[in-house]
Amino acid sequence: MTTAELVTGHPLESPENARYALLTMSRIRKLEEAVEDLFGRGMMHGTMHLSIGQEASPTGVCMALNISDQITSTHRGHGHCVAKGADLTRMVAELLGKENGYCGGRGGSMHIADVETGNLGANGIVGGGIPIAVGAALASQLMNKGTVVVSFFGDGAMNEGAFHEAANLAAIWKLPVIFVCENNKYGMSSSTELAFAIDNLSERGLGYGIPGFTFDGNDVAAVYEATETAVKRARAGEGPTILEFVTYRWKGHSRSDKNLYRTKEEIDEWKKKDPILFFEHVVRDKGLLNDEEIAEIHALATSQVIAAVNEAMKGKPADPANLLDAVFKKVNS
Amino acid sequence: MNKFEYAVIMPKMSMTMEEGELLSIRVNVGDAVKSGDILFDVATDKIDMEVESPADGVVKEIVGQIGSTMAVGAPVLVLFTETQVMSFDFNTPSTPEAAIEEVIAPEADQVAAPEPVIVPVVEKTVMAVPKARALAEHRGINLQDIAPTGPYGTITYEDVNKSLGAAPQPVSGLESRKAANRKKVAQALEMTRGIPQITLSRFSSHTTTSLAQGSAHIVSTWARIVRKNTHINLSTHDESAHDFVGVGLIMESKYGLAIPVFRDPDLSPGAHLQEWIQTTRVQAAEGKVPVQMLSGATTSIFDLSHRKIASAIPMLLPSHTTALSVGAPHASFGESEINLTVDLRYCDALEAASLLDQLIDAL
Amino acid sequence: MSDRMLTMSEALREAMSIALEERPEVFILGEDIGIYGGAFGVTGDLYHRFGKERIRDTPISELGIVGAAVGATLSGMRPIVEIQFSDFTAQAMDQIVNQAAKIHFMVGGGLHVPLVLRAAGGSGTGAAAQHSQSLEGWFANVPGLKVVIPSSPYEAKGLLLSSIDDPNPVIFIEHKLLYKIPGREPVPEGAYRIPLGVSRVLREGKDLTVVATGIMVSRVLSAADELDKDGVTLTVIDPRTISPLDMDPVYASLEKTGRLMVVQEAPEHGGFLNEVIAKVATGPALGHLIAPVARLAGMNIPIPYAPQLEKAAVPQIPDIVKAAREVVANWR
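Residue numbers (the numbering used here), protein chains in the order written: chain A, 1 to 333; chain W, 334 to 696; chain C, 697 to 1028.
Derived from the structure by calculation, the hints contain no laboratory data. Keep in mind that a hint or two might mislead.
[As the list claims (entries may be wrong)] Covered stretches of chain A (in silico footprint by chain C; criterion: 3 or more residues with CB under 8 Å from a CB of chain C, positions within the stretch not fixed):
id, segment
1, 99-111
2, 123-129
3, 289-296
Yeah, the Cβ is synthetic: ideal placement off N, Cα and C, and Gly gets one too.
Start from the sequences and build out the full structure, keeping to the hints where you can.
Right, here's the structure in full:
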């Protein structure tokens, strides 16, 4: 059993919610560590972008969404996938190029989508998912579905034309979309200080008539609360919101990153703001979970990830024989 | 409390990296390390990288040698860690890439491409449109004999058509195929004309059995002789020995001569071989010889025993070392003439005489 | 009313109107397609008939529009995007090439993109280099996209309805000179569908097989009329969709004529019809050729402005007549 029952609601509302939030963040981190290990051993093809240190944002956001709500994700998308409820085994199988992976080995790390959990897909193009999220929100509006779409993207995507065109369309049509900017301070090596002339990236909303707010992206409760408010606005037909969650990626952009553009001190400083440790402190203080329960949750996440990797390894390698059939969907199917 | 053992490995750091050099190790056995501390430095052809500790812990053991080149995945040092670090040593070389390559790789035991038995004679390049070329070939016309009228000195379709005469006789498909086949056989024989060769002749009284068995007897007997005499059972391309015996048996087909190759006929039981030859005769008559029977011969047999032809000088086909012919039994004394032609590069005249003796003794 | 002669604008509008009535998930979005009726008047009165929700005017944001359409398909809609000039697809290329074309494949089949992108292409209106290109070859080189080029009002209506039905992204390129010209054949009322990936033999002759797309089809047909007078007869084949491409009628025709000419407006270098030539050169029909393949295409230059320059840049009827005559006369 590598998928979790989705729990929605405030992470601090009950011990169950706290447990779910911690488990989700722990699953994301353990999965990323597993991915790093598999890549390091040469068992994974291509490249991978790890979100260690950023677990609070996907977790808090997705706890404010229903299963029928949709997300679009990014190249650093493993966390979004997990938080929206994806199956860990099928995720790992995809990374290993197996037939039973989410994309049958055709997409890999940057293209995992999961229709059942409303995940419209990670995206290898910076900003590529933003107009798509707006379109999904347009469909929701046209069909009166009452669903909300969250577009996850990083700070780098805010300087892509796609963001600007999509934000404007969402604003003029009052679409039920939430732009979640996970500002992890660097677009590969370009810091937000170099790439932006504003302090808070959420200020970009001003130019489009979209309310924008900036929050601590390592505080899962704060992320949840912000998203919850934006979701209410969206469902009420009041249009889009821009949420900037400030966070930090502990690992390099991809594996070949030597961290030349930032200091070890800065990385250490952010590691002290570990979203998982922070949440553990809060739930302990509030008496929601004790040390023993916290340890159990991490052990459960660890065993789930190990089971997923072992299970995924058993999968059949994807077969080139049916590659041509996969390009087009058959007419009338 | 450090309860988990974890091996820090030579990490894969780029899409193409397979191994890395261990530049330095920054810790000693017994050192306490924090998550993020640098443990060692690694160099690849592309980049140098510092490898960090994935968790808090203590250095238990150092495995890697400074200055050595290590494969991706090889352990460099071992830690005792406080938390369990994700680690998956499946200890198999089958990476996903390797697995995919396996699927793509061609099957090892595929049959080698058939050797061309008949190689067209190379002529001077002639410019002609494709359809003119096709017409010329079907009608047995040498394009060199045609004066081109098309642009760039190219022979047009009309040029070939005109060369057939003012009112060209329509030629049936069968006739043109026959002509083409004739031409190909002639071209093939032309290629072996320069090979030093000798033809020896002996009478044999085997013929009655042979007739009854429709060539099976002579085919299997000759195959046994060829198998024993490895110097004539080889490839004339690279002189590598054949690990089978291929005997071409000249037959009639609707397009003229056909030479299907029987592989290891001496290993087939007599009745079986007889049936095999008979089936092939029927197929050849319809112009359909199985593809796998089109190559691999080092010898040929022209069996004329069922016709009233006394003898024929057998001619070497390209890549063959020997050729055999069997004539009809003499009307009065019943023996028939067997002729053997050999390629003298592989078999001298005395060896040829011995081969013929062996054959007739065996018959 | 089987003799109705429509312009391509009218035929396209009729197709969209049928689709809008048949399927609630169909909607149109684009710049100035609403009350203005479209830059070339194709959407016309649809705005008044179907309302602003379904005939959705957008800001000038090609990337945003196409991206929104892609996203809408993932949620069950069937959008038709109108891009005023196919040249502007350059603004939207990420969403067309990296997203729409690849999503179905990349995610392993779980999602698909039933999107139609209509765009006006081609020269002849004096709009010069940035509003006159024939870019179909770009899209034909991207696996995952279907590329349709209607050559007449009749074709346009039937092909557009099939494109809307198709579960894959379809790039539908309309030559702007065809919008206002009545076609050579009547357009039936009501719905009819022309399957994608089936070439049409418009005329059969004995001397030369001509493959042409879009506006060039009508020019080739006019050239064929003229050549008829000299006793030179053409087989004219319109592939209608260049991706997927149906070559069988071309092969069959070459068996009879032995001569092939391709005619396109796009620049010769790297142009799509080179693919037709390549397929003949590497395929079953090579042995039928009695002449080298003739190729008529746009010059390898940006489309110029002045009318005489613009005309000179792309094949015209006399060019086709001359080239056809030459290939038939020189190669017999």
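Each hint tested on the structure:
no. : hint    : in the structure
1   : 99-111  : holds (count 8)
2   : 123-129 : holds (count 4)
3   : 289-296 : violated (count 0)
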